[in-house]
Amino acid sequence: MTLFLGELANLVGGILIGDADQCCRGANPPEDARDGEITMLDSISRSDVLQQSSASAVITPEEVAGLTIPQIVVENPHLAFSTAVTHFRPPIKNTSATHGVSPTARIADSAEIHPTATIGDNVVIGERTRIHPGVVIMPETVIRNDCDIFPNVTIYHYTQIDQRVVIHAGCTIGANGFGYRQENGRHLPAAQLGYVHIEADVEIGASATIDRGSYGATRIGEGTKIDNQVMIAHNCKIGRHNLICSQVGIAGSSKTGDYVVLAGQVGLKDHITLGDHTIVGAQAGVMDDCAGNEVYLGSPATPQREQMQIMAVERRLPEMRREMKTLKREIEQLKALLRKDAEEATSSEKNQKVA
Amino acid sequence: MTLFLGELANLVGGILIGDADQCCRGANPPEDARDGEITMLDSISRSDVLQQSSASAVITPEEVAGLTIPQIVVENPHLAFSTAVTHFRPPIKNTSATHGVSPTARIADSAEIHPTATIGDNVVIGERTRIHPGVVIMPETVIRNDCDIFPNVTIYHYTQIDQRVVIHAGCTIGANGFGYRQENGRHLPAAQLGYVHIEADVEIGASATIDRGSYGATRIGEGTKIDNQVMIAHNCKIGRHNLICSQVGIAGSSKTGDYVVLAGQVGLKDHITLGDHTIVGAQAGVMDDCAGNEVYLGSPATPQREQMQIMAVERRLPEMRREMKTLKREIEQLKALLRKDAEEATSSEKNQKVA
Amino acid sequence: MTLFLGELANLVGGILIGDADQCCRGANPPEDARDGEITMLDSISRSDVLQQSSASAVITPEEVAGLTIPQIVVENPHLAFSTAVTHFRPPIKNTSATHGVSPTARIADSAEIHPTATIGDNVVIGERTRIHPGVVIMPETVIRNDCDIFPNVTIYHYTQIDQRVVIHAGCTIGANGFGYRQENGRHLPAAQLGYVHIEADVEIGASATIDRGSYGATRIGEGTKIDNQVMIAHNCKIGRHNLICSQVGIAGSSKTGDYVVLAGQVGLKDHITLGDHTIVGAQAGVMDDCAGNEVYLGSPATPQREQMQIMAVERRLPEMRREMKTLKREIEQLKALLRKDAEEATSSEKNQKVA
Numbered sequence: 001m002t003l004f005l006g007e008l009a010n011l012v013g014g015i016l017i018g019d020a021d022q023c024c025r026g027a028n029p030p031e032d033a034r035d036g037e038i039t040m041l042d043s044i045s046r047s048d049v050l051q052q053s054s055a056s057a058v059i060t061p062e063e064v065a066g067l068t069i070p071q072i073v074v075e076n077p078h079l080a081f082s083t084a085v086t087h088f089r090p091p092i093k094n095t096s097a098t099h100g101v102s103p104t105a106r107i108a109d110s111a112e113i114h115p116t117a118t119i120g121d122n123v124v125i126g127e128r129t130r131i132h133p134g135v136v137i138m139p140e141t142v143i144r145n146d147c148d149i150f151p152n153v154t155i156y157h158y159t160q161i162d163q164r165v166v167i168h169a170g171c172t173i174g175a176n177g178f179g180y181r182q183e184n185g186r187h188l189p190a191a192q193l194g195y196v197h198i199e200a201d202v203e204i205g206a207s208a209t210i211d212r213g214s215y216g217a218t219r220i221g222e223g224t225k226i227d228n229q230v231m232i233a234h235n236c237k238i239g240r241h242n243l244i245c246s247q248v249g250i251a252g253s254s255k256t257g258d259y260v261v262l263a264g265q266v267g268l269k270d271h272i273t274l275g276d277h278t279i280v281g282a283q284a285g286v287m288d289d290c291a292g293n294e295v296y297l298g299s300p301a302t303p304q305r306e307q308m309q310i311m312a313v314e315r316r317l318p319e320m321r322r323e324m325k326t327l328k329r330e331i332e333q334l335k336a337l338l339r340k341d342a343e344e345a346t347s348s349e350k351n352q353k354v355a
Numbered sequence: 001m002t003l004f005l006g007e008l009a010n011l012v013g014g015i016l017i018g019d020a021d022q023c024c025r026g027a028n029p030p031e032d033a034r035d036g037e038i039t040m041l042d043s044i045s046r047s048d049v050l051q052q053s054s055a056s057a058v059i060t061p062e063e064v065a066g067l068t069i070p071q072i073v074v075e076n077p078h079l080a081f082s083t084a085v086t087h088f089r090p091p092i093k094n095t096s097a098t099h100g101v102s103p104t105a106r107i108a109d110s111a112e113i114h115p116t117a118t119i120g121d122n123v124v125i126g127e128r129t130r131i132h133p134g135v136v137i138m139p140e141t142v143i144r145n146d147c148d149i150f151p152n153v154t155i156y157h158y159t160q161i162d163q164r165v166v167i168h169a170g171c172t173i174g175a176n177g178f179g180y181r182q183e184n185g186r187h188l189p190a191a192q193l194g195y196v197h198i199e200a201d202v203e204i205g206a207s208a209t210i211d212r213g214s215y216g217a218t219r220i221g222e223g224t225k226i227d228n229q230v231m232i233a234h235n236c237k238i239g240r241h242n243l244i245c246s247q248v249g250i251a252g253s254s255k256t257g258d259y260v261v262l263a264g265q266v267g268l269k270d271h272i273t274l275g276d277h278t279i280v281g282a283q284a285g286v287m288d289d290c291a292g293n294e295v296y297l298g299s300p301a302t303p304q305r306e307q308m309q310i311m312a313v314e315r316r317l318p319e320m321r322r323e324m325k326t327l328k329r330e331i332e333q334l335k336a337l338l339r340k341d342a343e344e345a346t347s348s349e350k351n352q353k354v355a
Numbered sequence: 001m002t003l004f005l006g007e008l009a010n011l012v013g014g015i016l017i018g019d020a021d022q023c024c025r026g027a028n029p030p031e032d033a034r035d036g037e038i039t040m041l042d043s044i045s046r047s048d049v050l051q052q053s054s055a056s057a058v059i060t061p062e063e064v065a066g067l068t069i070p071q072i073v074v075e076n077p078h079l080a081f082s083t084a085v086t087h088f089r090p091p092i093k094n095t096s097a098t099h100g101v102s103p104t105a106r107i108a109d110s111a112e113i114h115p116t117a118t119i120g121d122n123v124v125i126g127e128r129t130r131i132h133p134g135v136v137i138m139p140e141t142v143i144r145n146d147c148d149i150f151p152n153v154t155i156y157h158y159t160q161i162d163q164r165v166v167i168h169a170g171c172t173i174g175a176n177g178f179g180y181r182q183e184n185g186r187h188l189p190a191a192q193l194g195y196v197h198i199e200a201d202v203e204i205g206a207s208a209t210i211d212r213g214s215y216g217a218t219r220i221g222e223g224t225k226i227d228n229q230v231m232i233a234h235n236c237k238i239g240r241h242n243l244i245c246s247q248v249g250i251a252g253s254s255k256t257g258d259y260v261v262l263a264g265q266v267g268l269k270d271h272i273t274l275g276d277h278t279i280v281g282a283q284a285g286v287m288d289d290c291a292g293n294e295v296y297l298g299s300p301a302t303p304q305r306e307q308m309q310i311m312a313v314e315r316r317l318p319e320m321r322r323e324m325k326t327l328k329r330e331i332e333q334l335k336a337l338l339r340k341d342a343e344e345a346t347s348s349e350k351n352q353k354v355a
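Residue numbers (the working numbering), protein chains in the order written: chain A, 1 to 355; chain B, 1 to 355; chain C, 1 to 355.
Okay, chain A solo, but in the shape it has when bound (with noise of 0.2 Å):
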């Protein structure tokens, strides 16, 4: 699959600046990207992200000033980096013709396969990895050493799972983002030519579901711990560490950092960023970027101790809304006494000025 430089630029219709002769390996988006591969600016205003990214080369839709890795210059970045990522990640539509095991998948000799479990081209599966009945893992899939992936789980094609990673019965890894673009009335699928990477000792819940990412990865952290029923959308990179409880739902593109807790039923917004050692209370919606270090709870989730002293105020709003009737009839008492007093006032010194 590998390309030199120069035929990649061929391949996206762009313009070379840089070593033709250069090797490229992968294309993957600026965080995701490894040395050797290629990445996208789809702005130059946004080159900096280059600065913390491993990658060899970039698609960019203008020359970059000052860069020292090689450039292909191109009209529309998006689509020629949707390209190059289809040439070393081509999309499979089929899993499997055969039952089994593909005769090109490659089976650590102590992995335990049931029969009926269905093993995909070119999968790659590590030692004493233990895969259950009914279990389907789709072409291009690497499972590392010592995971167990429990029965009837689907894993789709180009997903990464490294070593003692524990899925449970019904959990569905790699399926499409939910991302759809309009036009004329329809919504047409975005590309979702990305994939899944979890990491080691990350244990999975039953029926979870964790989408494929666009580009390039959907990640969680090392030593993760997701729970049942819960739900990661394309993109999302979960830090190390977390416990993510039954039911919570990320949108697409969120992170968090290491050690986040996520109670049941927490819904996160897509394009957030949860920092270290977040806590987050059940049920709780969170609607922007956390500091970290902090409890958050309600919707919008919001630091504990301003949530706690807004809900012990709403549980009083109805003996609130009672003393508010009797402050307004004090008042309307108050000016009635004054209205009287000035009225007397009048008439007195009327009165006087009688008198």
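The set of hints was computed from the structure by calculation and includes no laboratory data.
Note that the Cβ used here is the ideal one computed from N, Cα and C, for glycine as well.
Warning: the hint list may mix true and false statements.
[Claimed, not checked] Here are the computed lysine to aspartate or glutamate pairs in the EDC-like style, where the Cα-Cα straight-line distance is at most 20 Å:
id	chain 1	residue 1	chain 2	residue 2
1	C	LYS325	B	GLU306
2	A	LYS325	C	GLU306
3	C	LYS335	B	GLU330
4	B	LYS335	A	ASP270
5	A	LYS325	B	GLU344
6	C	LYS328	A	GLU323
7	A	LYS325	B	GLU319
8	B	LYS328	A	GLU343
9	A	LYS325	C	GLU319
10	B	LYS328	A	GLU344
11	A	LYS340	B	ASP341
12	C	LYS328	A	GLU63
13	C	LYS340	B	ASP341
14	B	LYS340	A	GLU323
15	A	LYS335	C	GLU306
16	B	LYS328	C	GLU319
17	A	LYS340	B	GLU306
18	A	LYS335	B	GLU343
19	C	LYS325	B	GLU330
20	A	LYS325	C	GLU330
21	B	LYS328	C	GLU332
22	A	LYS325	B	GLU330
23	B	LYS325	C	GLU140
24	A	LYS335	B	GLU332
25	C	LYS325	B	GLU319
26	A	LYS340	C	GLU343
27	A	LYS340	C	GLU319
[Unchecked claim] Listing some non-contacts, in silico: residues in chain C with all C-beta distances to chain B over 10 Å:
id	residue
28	VAL101
29	ALA190
30	GLN265
[Unchecked claim] Part of the chain C face toward chain B, derived, beta carbon under 10 Å:
id	residue
31	HIS78
32	PRO115
33	TYR180
34	GLU183
35	GLY205
36	SER207
37	THR224
38	LEU243
39	CYS245
Given the structure of chain A, go ahead and fit chains B and C onto it with the hints provided.
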């Protein structure tokens, strides 16, 4: 299965008013019934629903005056209609005793059926449709051309799936609705004799569940996109080109218009209707009909503008409570002041009198 | 598996007070233990739980005075009890190496097992029970007569399912509970040595998940009906004839009485108890025990009457805020008026004095 109306009247023990030799090919509720089918009225006060129906005959508790279609008058129309529905769509307990594809299934030549899939009796699969590993399709289901049914999906009997539908892994289409009646302290299941109809170009995310109708269809309109872990209950009618985000739950018999958007974790009460272009924000709970062309937030869901104002005040509740205490104190002070004035006035009057 | 108590005391390294030749057939927490089984106290201050238990022996950190059943005194009762539980219910990693039905399973003659189902070692299936395609039943599970286990359900080891239970497609019964302890910055799984017990006449909707207990049972009471996508966590005890609607989540160790109704998307905190005939409205979050025979709404859930009053005021909050501003202004005006009066009074006094 086709019956003459005379035969059907005998079957349900009713009196036929109309042509005994007219053919009847099915039984469905008024809005699902097509030409050539019989429908049901449970009260003649609702006979206007027949005007929107394509039904060619009706089961009714009393003769409906001025009706052009044949009527079968019975004592218990629900019981009689159940009998009719059960004739045309007999309940099926067994998926298929056989491994793989039932000999009575009709599979298009270009369809791809994985050898681990189970295809029940009389199932029809269209051209180029792909049935992935571990999929179970129960008897009498029809899936048309160019569909993709991903691994480990279960589709219950009598489901109708139109062209270009994509169903991701782990979905369950057509399980029994959650309907019970209590008798002697036990919950007895209500009839679940209907089916699910998914129209063309629908995409359904992983682990979503859509229950079958009681007598007729639970319907998903053309072009609607449904995200992971969405739950759609029995008898719902979802409009065309909706976007229904992850973990949304829609209770029984609710309806949405076209281009409705429901954000993540939204809940809809049963038997409500959302107009075209209704948008509901994340985690909202819709308790009433919504007119359409409006954004709703919160639980209970409220038009955006109103809810934003409520939420703005909610955040200031602790401050409001403090202000209220201040007002209370100030009123006490005013009252004290006026009391003092009054006393002084009195004493000065006394003094004057004394003087 | 049966042990003499003397053998069991040796196994767990404890001192036996009582008859060494008494037989012990199992180990379970006090409320799950049956006659002939051993149970555990983690503190002798809780020894009153033994009065409700049918256990025939107990593991305890100190000798309990006045107890009629044998005691095994150990330093670490949790560790000793885990050892005992593990003896009677050894952990099982593999479902079955074989295709189809294990040779050690006992299947009733009239049961129907689909050829694509996997039935593990020592599983028992009762008369007329139907196991649909793709179902995976892990070792040591018992399913009694007249059950319907729909396609692609996974049932983990040691599950107990009584008569006439219906489980719809895609459910997972008996996966590990979500319990971890932190050590050196990593989450280590707590013991999940228990099981799920589903009593007679329970119906469970598609894609529901019920986790196994830590040491004993997660129990679903007789006649209870559970809708799609419900999550019931480890150690919960659900009462009889409950109705649990779609997408409800119940956290660990919570209990419901009989005839409890939980509407859609309700969440229950861990370790709480809902009395008989409790009704909880849609999307509510129950944070505390509920006495029963009452309707609760909102998050945190509050008795209906109180919550309705709170919600009525919430809707009027913007109006209330405006009223409050008006009151504030009026008080300011009153204060100004009184100041003016006071000034005039003073100046009139001065005038009088001058006069």
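Now the hints, each set against the structure:
1. LYS325(C) <-> GLU306(B): holds (19 Å)
2. LYS325(A) <-> GLU306(C): holds (19 Å)
3. LYS335(C) <-> GLU330(B): holds (9 Å)
4. LYS335(B) <-> ASP270(A): Violated: LYS335(B) and ASP270(A) sit about 54 Å apart, past 20 Å.
5. LYS325(A) <-> GLU344(B): Between LYS325(A) and GLU344(B) the Cα gap is close to 30 Å, so the pair fails against 20 Å, i.e. violated.
6. LYS328(C) <-> GLU323(A): holds (14 Å)
7. LYS325(A) <-> GLU319(B): Holds - the C-alpha atoms of GLU319(B) and LYS325(A) are around 18 Å apart, at most 20 Å.
8. LYS328(B) <-> GLU343(A): violated (26 Å)
9. LYS325(A) <-> GLU319(C): holds (13 Å)
10. LYS328(B) <-> GLU344(A): Measuring from Cα to Cα gives roughly 27 Å; hence the hint is violated.
11. LYS340(A) <-> ASP341(B): holds (13 Å)
12. LYS328(C) <-> GLU63(A): violated (62 Å)
13. LYS340(C) <-> ASP341(B): holds (13 Å)
14. LYS340(B) <-> GLU323(A): Since the Cα atoms of LYS340(B) and GLU323(A) sit roughly 25 Å apart, the hinted pair is violated (cutoff 20 Å).
15. LYS335(A) <-> GLU306(C): Measuring from Cα to Cα gives roughly 34 Å; hence the hint is violated.
16. LYS328(B) <-> GLU319(C): holds (19 Å)
17. LYS340(A) <-> GLU306(B): violated (41 Å)
18. LYS335(A) <-> GLU343(B): holds (18 Å)
19. LYS325(C) <-> GLU330(B): With a Cα-Cα distance of about 14 Å, the restraint between LYS325(C) and GLU330(B) holds, given a limit of 20 Å.
20. LYS325(A) <-> GLU330(C): holds (14 Å)
21. LYS328(B) <-> GLU332(C): holds (13 Å)
22. LYS325(A) <-> GLU330(B): holds (16 Å)
23. LYS325(B) <-> GLU140(C): Distance ~65 Å between LYS325(B) and GLU140(C) Cα, so the pair is violated.
24. LYS335(A) <-> GLU332(B): Given pair LYS335(A), GLU332(B) holds - Cα atoms ~14 Å apart, limit 20 Å.
25. LYS325(C) <-> GLU319(B): holds (13 Å)
26. LYS340(A) <-> GLU343(C): holds (19 Å)
27. LYS340(A) <-> GLU319(C): Violated - the C-alpha atoms of GLU319(C) and LYS340(A) are around 30 Å apart, more than 20 Å.
28. VAL101: holds (14 Å)
29. ALA190: holds (26 Å)
30. GLN265: violated (5 Å)
31. HIS78: The hint is violated - HIS78(C) has no Cβ within 10 Å of chain B, the shortest such distance being about 35 Å.
32. PRO115: Nearest chain B Cβ about 5 Å off; hint holds.
33. TYR180: violated (23 Å)
34. GLU183: violated (32 Å)
35. GLY205: holds (6 Å)
36. SER207: holds (5 Å)
37. THR224: holds (8 Å)
38. LEU243: holds (7 Å)
39. CYS245: With Cβ-Cβ at 7 Å, under 10 Å, it holds.
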